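Protein chains: 2
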Amino acid sequence: MLPHIFRYEISPHVWVCLECDGILHSSQSDFQKIEVVHSLDFGKMLVLDGVINLTERDEFVYHEMLAHVPLFSHPDPQQILIVGGGDGGAAREVVKHKGIKKIQLVEIDGEVISVSKRYFPSLARALDHPQVNVLVMDALRYLKDTEETFDVILIDSTDPVIEQSGGLFTVSFYKDCLNALTEKGILAAQVGDIGFETNLVLGVFSKLKTVFPVARIYCAPVPSYTMVPYGFAFCSKTIQPEMATPSRFDKSFQTRYYNPQIHQAAFALPEHLREDFEN
Amino acid sequence: MLPHIFRYEISPHVWVCLECDGILHSSQSDFQKIEVVHSLDFGKMLVLDGVINLTERDEFVYHEMLAHVPLFSHPDPQQILIVGGGDGGAAREVVKHKGIKKIQLVEIDGEVISVSKRYFPSLARALDHPQVNVLVMDALRYLKDTEETFDVILIDSTDPVIEQSGGLFTVSFYKDCLNALTEKGILAAQVGDIGFETNLVLGVFSKLKTVFPVARIYCAPVPSYTMVPYGFAFCSKTIQPEMATPSRFDKSFQTRYYNPQIHQAAFALPEHLREDFEN
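Going down the list, the sequences are from chains D and W.
For the first sequence, the tail end lands on 279 under my numbering, and the numbers increase by one without skipping.
For the second sequence, the tail end lands on 558 under my numbering, and the numbers increase by one without skipping.
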């Protein structure tokens, strides 16, 4: 049966409908239902437990902003950890940076990786890059046990409401991340819709603030997630997101969304959200 | 009959549904069908010919960005023209500025004004402000004939696809606007959805560029219009939107969306749109 209309909720009485013409894949992994659906205007979509995880139309916005904002804020990022990100989109952006020595990717669900390799090869190809080391295991356990340290940690998880990601939105996990960061280390994470789910995001952000000396919110429009700019957190021990060395953005690689102006602009919060997120 | 669901299109195969519980008003003026619909999550909505013109939830974003970006870019705005804006939202923002001597508002449809006074008094109240002079006539004719000049012109019209607004999106009209601007004059206009209707907006923008020495695009999220930041044009004879005097934003009045950081950030275009709009 084809899902003629894929529907996702923005708020209790607002939803978006995408016309679709086929389910390309549907399976149940040990962790979640994995589907690949083809929509007419957003292209192929990876859907996890009924929630859009990425679409061909706008995944570049999400992955570029998750990766390049922290990477261009760090003076010399070499060791990178990606939590989740089994589709390969975040890794694809990280490998573009010069000077990267190792990218450790820890994805809990191996089936996300194999489905992505089949249906999203332009993303998943990065997982075969020689710098990328893929580990299929629970990142909670990985970070508890690892003795490695990282310059940048990217949390590319599903939403906090989804069961197997719940542990990734706790103070305990954030402390393990902090401990695994080098002195100039930066963590970036997707935190949700700051316009329609402000309280949910504030809850996540308040936990980050109890752990990280620097905690900031930045935004980018990802229409397949929501109708207003989507929120990311930028956290560090000392570094602020205002780029220390803008010259590092040297156009040695192409981007479709990110540029230095967007980097700065993404941190400008509307007046009605500043009080919530800047105190 | 109640429209349980109000639906608006984002692109041919994507639409948004708003759950509604009542039509508060419905009439046919000489120019358009005017409705006031109550939606559960966006509050009261002014709907013109079936298209959302404003909602209680997000009109502040639209009106603050239309008005404050040009007004804070001008060193001393005194004479202001609002084209359209019969709901009063743009005027409400303009009257907040110190030093304003006169606001000339030219709305083609008197019924929009009377409906707004009844259903959106917090906006329409500004139309009774002593500085505001309301004229019910076609702004095309007004600008052809007027000998007055203005420091700032705000074009707060319906979309170019709507018949009676078509004339407001022509080179001829833009030339009349240019002629009515003082030497440091600025025009701001809503130009549409630069993400899902890029070509439509490029068409409008290319006309503005043939007339105005300075033409720039800026954006703000208005979810009741579209799912990505909505586009405005900033045009002038000489002035650039980077604020000459940020100190003028002196917090003598409150805003909910606009602030100086948002002012700057709104002009940052994503890499994939820069080529289109910055050449």
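Take the hints with a grain of salt, since some may be wrong.
Unchecked claim - Using 20 Å as the maximum straight-line C-alpha spacing, the simulated EDC-like pairs for lysine to aspartate or glutamate come out as follows: (1) W:380 - W:426; (2) W:380 - W:462; (3) D:101 - D:76; (4) W:375 - D:76; (5) D:96 - W:426.
For the record, the hints were derived by calculation from the structure and aren't laboratory data.
Here the structure is a predicted model, which means the values were calculated and not measured.
Hints versus structure:
1. W:380 - W:426: Holds, at about 17 Å.
2. W:380 - W:462: Given that 20 Å is the threshold and the Cα spacing comes to 17 Å, the pair holds.
3. D:101 - D:76: holds, 11 Å
4. W:375 - D:76: Violated, at about 47 Å.
5. D:96 - W:426: Not OK: residue 96 of chain D and residue 426 of chain W at ~58 Å, beyond 20 Å, violated.
Violated hints for the displayed structure, listed by number in ascending order: 4, 5.
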